[in-house]
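Peer 1: Taken in sequence, the protein lines are chains S and X. Residue 1 is where the first sequence starts when you use the numbering used here, and the numbers rise one by one after that. Residue 1001 is where the second sequence starts when you use the numbering used here, and the numbers rise one by one after that.
Keep in mind the hints are simulated off the structure, nothing from the lab. Since the model is a prediction, treat every value here as computed from it, not as a measurement. Where hints are given, some of them may not hold.
[Stated by the list, open to error] Which residues of chain X face chain S? A partial, calculated answer using Cβ under 8 Å:
# : residue
1 : Asp1181
2 : Arg1220
3 : Leu1221
4 : Glu1232
A virtual CB, placed ideally from N, CA and C, is assigned to each residue, including glycine.
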Amino acid sequence: MKIICNGQEREVAPATTITGLIRELGLNPETVVAEHNGRVLAREEHEFILLDEGAVLELIRFVGGG
Amino acid sequence: MLKINELPFLFTPGVRVGDFSRTLKPGADLFIVNGAPVGVDWPLADGDSCWLLTRGEIPAAHEMERLLNARHSPGVQARLKAAVVGIMGLGGLGSAVAVALARIGVGRLLLVDCDVVEPTNLNRQQYFLDQIGLPKTEALQANLARINPYVQVETWQERLTGERIAQLFAGVDVLAECFDDPVTKAVALRTALTCLQGVGFVCASGMAGCGDNNAIVTRRLYPGVFLVGDDESEAKPGQGLMAPRVGIAAHHQANQVVRLLLYGKDA
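Work the whole structure out from these sequences, hints included.
Peer 2: Below is the structure:
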């Protein structure tokens, strides 16, 4: 199944959650802001929203330091 | 034409510094012409810029404003003076953002941090050795007052949550996210995007170490929402936070705040 993540096509397994994809990318889900099909998600939604074919995802991740 | 304390005066040949100081500033004991100190009998030349000053005296509010107007042009200064800016986190980013905005006379700053000044902060943060142990809110407020006492500064010493961010900053013009912790950074951006419509937002990620200057960029995420940094240089052992590069990011943030204040969300 294909989705668009940060402008790039990406293959993901069916029934992948937003959190699942973020972990697959090697990132800590707590440090990522996700926009799914044009809507910015609350942190809890990452856990239960399943990615559909063609979903458009924007992930903004933060690293520590300030 | 002469400029005396940033005000224009007609030049007449033979006029001396003392001719102005006697009428304009009787107590003056320091005279500066074109950047160099001179005596009271110094002869002025057409085009000179002259300061008549009293040592140790803090300029009145209207004088301070005149100085800033002269530097920034009156239209710009009026907008900055009317602005309210929130700063979350007063470490290497936030303390430098606050100093920059106070220097240019942004009218009101709302500062939040939960920490006290520690010795390890001083390699990059705008505090002094004799402020170790003070809450950062209190120490920074004192330092800003020494730079520009006419900026209104309000402080909260607390650890912010998403709900509290939405509550505290609903009315500001621009909010700067200057936290250290990446989880709190993400909470702040989520809150800004979902609860703070109409508030400009400038966050930061990736400024540790001493990597390439120009890898630090300001990126527009959404209208009125900007991210500063190189996206990857995280603070970790072997790659600490240091004043020069954190300062680059902080001043990207501060300038983006100013751009949002002056030009709106498409700045």
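Peer 1: List, from low to high, the hint numbers that the structure doesn't satisfy.
Peer 2: Hint 2 contradicted; others consistent.
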